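Protein chains in written order, with the working numbering: chain Y, 1 to 571; chain U, 1 to 571.
Hint data in this document are derived by calculation from the structure and do not stem from the laboratory. There may be inaccurate statements among the hints.
The list makes no distinction among identical chains, and a pair is therefore deemed to hold if it is satisfied within one copy or across any two copies.
[Stated by the list, open to error] Only pairs whose alpha carbons sit at most 16 Å apart, straight line, appear in this in silico EDC-like list of lysine to aspartate or glutamate:
no., residue 1, residue 2
1, K402, E223
2, K51, D201
3, K401, E571
4, K390, E442
5, K3, D187
6, K63, E347
7, K384, D152
Keep in mind it's a predicted model, so treat the numbers as computed, not measured.
2 protein chains.
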Amino acid sequence: MDKLIQRIQTAAGELPAECVIKNGLVLDSYNLEFIQADVAIVGGVIAGIGKFEGKHVIDARGKYVVPSLIDAHVHIESAMVPPSEFAKAVLPCGVTTIITDPHEIANVSGTEGISYMLQDSENVPMDIYFMLPSSVPSTPFENSGAILSAEDLKPFYDHNRVLGLAEVMDYPSVANTSPSMMHKLHDAQNRKIDGHAAGLDTRALNVYKTAGIGTDHECITAEEALERIKRGMYVFIREGSVAKNLKQLLPAVTERNARRFMFCTDDKHIDDLITEGSVDHNVRLAIQEGLDPLVAIQMASLNVAECFGLKTKGAIAPGLDADFLLLDDVESFSVAKVYRAGELVAEKGKTKRIAKVTPSKRITNSVHLPTLQKEHLHLPVTDKEANVIKLIPNQIVTKAKKLIVDRNANHGFVSSAEKDLMKLAVIERHHRTGNIGLGIVEGFQFPDGAIATTVGHDSHNLIMTGTNDEDMMKAAEAIQEMQGGLAVVRNQEVIAKLPLPIAGLLSTNDYPSVVRELEEIDLALQEIGAPRDFNPFLTLSFLSLPVIPELKLTDMGLFNVQEFRHISINE
Amino acid sequence: MDKLIQRIQTAAGELPAECVIKNGLVLDSYNLEFIQADVAIVGGVIAGIGKFEGKHVIDARGKYVVPSLIDAHVHIESAMVPPSEFAKAVLPCGVTTIITDPHEIANVSGTEGISYMLQDSENVPMDIYFMLPSSVPSTPFENSGAILSAEDLKPFYDHNRVLGLAEVMDYPSVANTSPSMMHKLHDAQNRKIDGHAAGLDTRALNVYKTAGIGTDHECITAEEALERIKRGMYVFIREGSVAKNLKQLLPAVTERNARRFMFCTDDKHIDDLITEGSVDHNVRLAIQEGLDPLVAIQMASLNVAECFGLKTKGAIAPGLDADFLLLDDVESFSVAKVYRAGELVAEKGKTKRIAKVTPSKRITNSVHLPTLQKEHLHLPVTDKEANVIKLIPNQIVTKAKKLIVDRNANHGFVSSAEKDLMKLAVIERHHRTGNIGLGIVEGFQFPDGAIATTVGHDSHNLIMTGTNDEDMMKAAEAIQEMQGGLAVVRNQEVIAKLPLPIAGLLSTNDYPSVVRELEEIDLALQEIGAPRDFNPFLTLSFLSLPVIPELKLTDMGLFNVQEFRHISINE
Numbered sequence: 001m002d003k004l005i006q007r008i009q010t011a012a013g014e015l016p017a018e019c020v021i022k023n024g025l026v027l028d029s030y031n032l033e034f035i036q037a038d039v040a041i042v043g044g045v046i047a048g049i050g051k052f053e054g055k056h057v058i059d060a061r062g063k064y065v066v067p068s069l070i071d072a073h074v075h076i077e078s079a080m081v082p083p084s085e086f087a088k089a090v091l092p093c094g095v096t097t098i099i100t101d102p103h104e105i106a107n108v109s110g111t112e113g114i115s116y117m118l119q120d121s122e123n124v125p126m127d128i129y130f131m132l133p134s135s136v137p138s139t140p141f142e143n144s145g146a147i148l149s150a151e152d153l154k155p156f157y158d159h160n161r162v163l164g165l166a167e168v169m170d171y172p173s174v175a176n177t178s179p180s181m182m183h184k185l186h187d188a189q190n191r192k193i194d195g196h197a198a199g200l201d202t203r204a205l206n207v208y209k210t211a212g213i214g215t216d217h218e219c220i221t222a223e224e225a226l227e228r229i230k231r232g233m234y235v236f237i238r239e240g241s242v243a244k245n246l247k248q249l250l251p252a253v254t255e256r257n258a259r260r261f262m263f264c265t266d267d268k269h270i271d272d273l274i275t276e277g278s279v280d281h282n283v284r285l286a287i288q289e290g291l292d293p294l295v296a297i298q299m300a301s302l303n304v305a306e307c308f309g310l311k312t313k314g315a316i317a318p319g320l321d322a323d324f325l326l327l328d329d330v331e332s333f334s335v336a337k338v339y340r341a342g343e344l345v346a347e348k349g350k351t352k353r354i355a356k357v358t359p360s361k362r363i364t365n366s367v368h369l370p371t372l373q374k375e376h377l378h379l380p381v382t383d384k385e386a387n388v389i390k391l392i393p394n395q396i397v398t399k400a401k402k403l404i405v406d407r408n409a410n411h412g413f414v415s416s417a418e419k420d421l422m423k424l425a426v427i428e429r430h431h432r433t434g435n436i437g438l439g440i441v442e443g444f445q446f447p448d449g450a451i452a453t454t455v456g457h458d459s460h461n462l463i464m465t466g467t468n469d470e471d472m473m474k475a476a477e478a479i480q481e482m483q484g485g486l487a488v489v490r491n492q493e494v495i496a497k498l499p500l501p502i503a504g505l506l507s508t509n510d511y512p513s514v515v516r517e518l519e520e521i522d523l524a525l526q527e528i529g530a531p532r533d534f535n536p537f538l539t540l541s542f543l544s545l546p547v548i549p550e551l552k553l554t555d556m557g558l559f560n561v562q563e564f565r566h567i568s569i570n571e
Numbered sequence: 001m002d003k004l005i006q007r008i009q010t011a012a013g014e015l016p017a018e019c020v021i022k023n024g025l026v027l028d029s030y031n032l033e034f035i036q037a038d039v040a041i042v043g044g045v046i047a048g049i050g051k052f053e054g055k056h057v058i059d060a061r062g063k064y065v066v067p068s069l070i071d072a073h074v075h076i077e078s079a080m081v082p083p084s085e086f087a088k089a090v091l092p093c094g095v096t097t098i099i100t101d102p103h104e105i106a107n108v109s110g111t112e113g114i115s116y117m118l119q120d121s122e123n124v125p126m127d128i129y130f131m132l133p134s135s136v137p138s139t140p141f142e143n144s145g146a147i148l149s150a151e152d153l154k155p156f157y158d159h160n161r162v163l164g165l166a167e168v169m170d171y172p173s174v175a176n177t178s179p180s181m182m183h184k185l186h187d188a189q190n191r192k193i194d195g196h197a198a199g200l201d202t203r204a205l206n207v208y209k210t211a212g213i214g215t216d217h218e219c220i221t222a223e224e225a226l227e228r229i230k231r232g233m234y235v236f237i238r239e240g241s242v243a244k245n246l247k248q249l250l251p252a253v254t255e256r257n258a259r260r261f262m263f264c265t266d267d268k269h270i271d272d273l274i275t276e277g278s279v280d281h282n283v284r285l286a287i288q289e290g291l292d293p294l295v296a297i298q299m300a301s302l303n304v305a306e307c308f309g310l311k312t313k314g315a316i317a318p319g320l321d322a323d324f325l326l327l328d329d330v331e332s333f334s335v336a337k338v339y340r341a342g343e344l345v346a347e348k349g350k351t352k353r354i355a356k357v358t359p360s361k362r363i364t365n366s367v368h369l370p371t372l373q374k375e376h377l378h379l380p381v382t383d384k385e386a387n388v389i390k391l392i393p394n395q396i397v398t399k400a401k402k403l404i405v406d407r408n409a410n411h412g413f414v415s416s417a418e419k420d421l422m423k424l425a426v427i428e429r430h431h432r433t434g435n436i437g438l439g440i441v442e443g444f445q446f447p448d449g450a451i452a453t454t455v456g457h458d459s460h461n462l463i464m465t466g467t468n469d470e471d472m473m474k475a476a477e478a479i480q481e482m483q484g485g486l487a488v489v490r491n492q493e494v495i496a497k498l499p500l501p502i503a504g505l506l507s508t509n510d511y512p513s514v515v516r517e518l519e520e521i522d523l524a525l526q527e528i529g530a531p532r533d534f535n536p537f538l539t540l541s542f543l544s545l546p547v548i549p550e551l552k553l554t555d556m557g558l559f560n561v562q563e564f565r566h567i568s569i570n571e
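Just chain Y, same shape as in the assembly:
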């Protein structure tokens, strides 16, 4: 109440503003034009647009004052750092609000993981809103660290930063009206529900939309985008580390439908966030592709605020939070300073220290691997054709392939360079079930060595691949020692590692250290002769995701996604 009164008195000119932005060109996000005006701020909120005096002046001479950006959908875990560290990395990009889905950590640590993410983001100078993971685990065909029911999710809706239900990925459960999915959708009917409508046809889109699912960030063509827009979905145009959809989707955006579009990163690695940016990159790219810069900014701010009902976000207007950027230039979207709730939070690419929350022991002690023996990795193949996963560089889909493999070769199957076959293993790491799924993957092209990681979508079991069992065993051992992370092994020697002890997904180091560790991993990959045209760890981490076609491997074995069932190696 006091803040409301103070704001009114400032607007009325009875109190000086705490702070006034002067001399800048201010974006009017509603008429979409720049105006010359002062902006008065009090209590972190904009009190007025016009002529004002204040105790503190932000001189925006020669600058453009625009609302700060909102990432409509991001998995923080993909950056391998906790929310507090993620904020440090993306605030300099001009992003002061994100809507995150803690789906990865929820698959490992369940509700405790969600609570940790909420706590660690509580006192960060960034508004981090949450959508609740809807599909943990993604399928019953794997063992994740947790199973989240509607009852598990419901208490979180009372949290003021929880907006709704996150990307509903399990189309069959929706279409088949599975009781648990119906329960989750029912509880979220008056909230926001994000979709994940990869490749869905118009019938499936009807199913999703009539179920209350209102957004999609998985469009890859303009036609797909328009089909979704037509049915009242909002479309998030994604530019992540892997999935890059902007150039394909932008032709769908017109002045008449632009309000239904916004931007997201979804999954973006810490190094890409540092070098390329967050959704500021989407804005720049859209402008380069010919979109009106003001529409691009509106898509990255006002449209997201409207979509998620964030009524104090998205524009520079009285009553809204004073979240804004000073730009040197609009066309190049070069961010000079970043303000959140009227406070300078990043300048010249740097932000200040942000306090972290220490995760509980249960979260930092999440890797429970069996002591591997050589026979654990034995993969019996017959003379018949074997099912082989063929990876596609820079895609998360794979091809299912059938090949006669040489059962007499060194490791139970041929791994010659010309055939380019390597062993793939997924080892359950949450509940000590001892489950080990084994398979064969084509396309990694390693001359020698093994790589392993606990980042393995979505259940985040240990996933590893190698040219020989000894290196794979060594890699698993290194991962167990670190309580999760990434490891590169050659000749039974760990030549690089990146510890991710928080749920086996997040580092406890600051983000520049993580970037350095990733560089070391990259050097090690070069050393073992891994190909340079795609990211082997990233590719590896999706080979266990049983909702993406065609052939995947979980801790329960090979999984044919089309048929939605496990298959044996020689079936």
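With the hints as your guide, set chain U onto chain Y.
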């Protein structure tokens, strides 16, 4: 939950739709184009857009299928009928959702009046949402039937059809941060708050907007509209019985800012609703003025839904309520059939019978006038100049005028035709205070007779004017007998009357009867020689509203609006 499942199964093609719209051109409100598609409906909700079969088919061949309309702001009481009867009148216009402010009845009957309006609108085949009256009474300078505090309003927010706080009219209370206004605004911060920013300058707009007031329907110029849009307000373009702003405001609407505009009627009489229409008239007029018809329809549907957070309204899309119209023609916006929740609710201008709620005795026994004696109406004027209210035809503002009036004339002051002065009286009718305010009004031009009504904004005391005290006394007597309404008297004979026994504001008759009664009133006005270029009752009903400049009369006497204080007749 069952409905959700049924909808999904229909979308998935596993169940036939209950109903399918076929062969029509369907408006895609998001891309703003017509598409050829079937629309499947189940449980009153749209299940899908595409190819469908159903038990029942709505053949839309040769028709355009568009979302039904939403009136963003309307006082039902201005139509002199209860919500159930109002629905019958406006459903044929294609309006199936309204956002109403029961401000008038609240001024008479307080929370009981609001409850009655909620009850009477509960089972109507129309979605009637409420905003809670923020300014009852409008000022402390009059006696209304009720005083509504923040505490009185708060319980109503639990009602699922109450969206927020209605038009905040009392700018001084906001700017001066009066405790009671701050309390009301505070309680509504996370809800919707409508504004009433008539004539407010940019400083005042900052005050309103930073206080959380998000809309305005009082703009009269395009410049005013743009100032409001710029600050993040939504602008409602009004076409009522008196205030008609569309032609002035439409030039402010561009493709870039159209999403911030919508339509409302605010105050529209039953006869105008029947002859001209509701917001369908705004749509037609906007199209005639050159606005893209699809943008006009979007403004009257999707934009309102977005503004008020009505997530199942505003378009034809899966998951949204099946509220739609069949149009014969788009340019002329000719409504053939009206559907709400999949049910035909109006056709060829007619709707079906709708059940009413019987109001309580307290609401139908609201007129408590003193037994008038001639001395009650005695107005002592001196030789000095008297303060005279000069009416302006078809405006609710008045001019304050000073005149020497002849104190020796028949009725205490001259009322000759050339001077065109008549006596004006406001008599408190709620609490038997015996308060009588007296004044002089110029401009009614009656040769003879008197008119009286209990529709007197905003306190709805009895207001009457006449050329002689006897006719005025007779008129008051007729009003008391009817428990409110309108009366026309000549030679001490009641020559026409319209009973409004519900709070002295609403009829218990059906709307065609009210239209006929209004016609009789109009004939009587002709009989007594009232001018034809403005509506005398309407003009009269605003002469008691002490928030509209310049000079008004309440039950407590003459009120100078500029100075915000009562004045005496000869001051």
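Right, here's what the structure says about each hint:
Taking identical chains as interchangeable, the C-alpha atoms of K402 and E223 are never at most 16 Å apart, the minima being 33 Å within one chain and 70 Å between chains. Taking identical chains as interchangeable, the C-alpha atoms of K51 and D201 lie at most 16 Å apart only when they sit on different chains, with a minimum of 13 Å there against 53 Å within one chain. Taking the shortest Cα distances, K401 and E571 sit within 16 Å of each other inside one copy (12 Å), while across copies they are farther apart (99 Å). Taking identical chains as interchangeable, the C-alpha atoms of K390 and E442 lie at most 16 Å apart only when both belong to the same chain, with a minimum of 5 Å there against 91 Å between chains.
For the homomeric pair K3 and D187, the shortest alpha-carbon distance between copies (14 Å) is at most 16 Å, but the shortest distance inside one copy (33 Å) is not. In this assembly of identical chains, the alpha carbons of K63 and E347 lie at most 16 Å apart only when taken from the same copy (14 Å versus 58 Å across copies). For a Cα distance limit of 16 Å, the shortest separation of K384 from D152 qualifies neither inside one copy, at 46 Å, nor across copies, at 80 Å.
The structure fails hints 1 and 7 (numbered hints given earlier, in ascending order).
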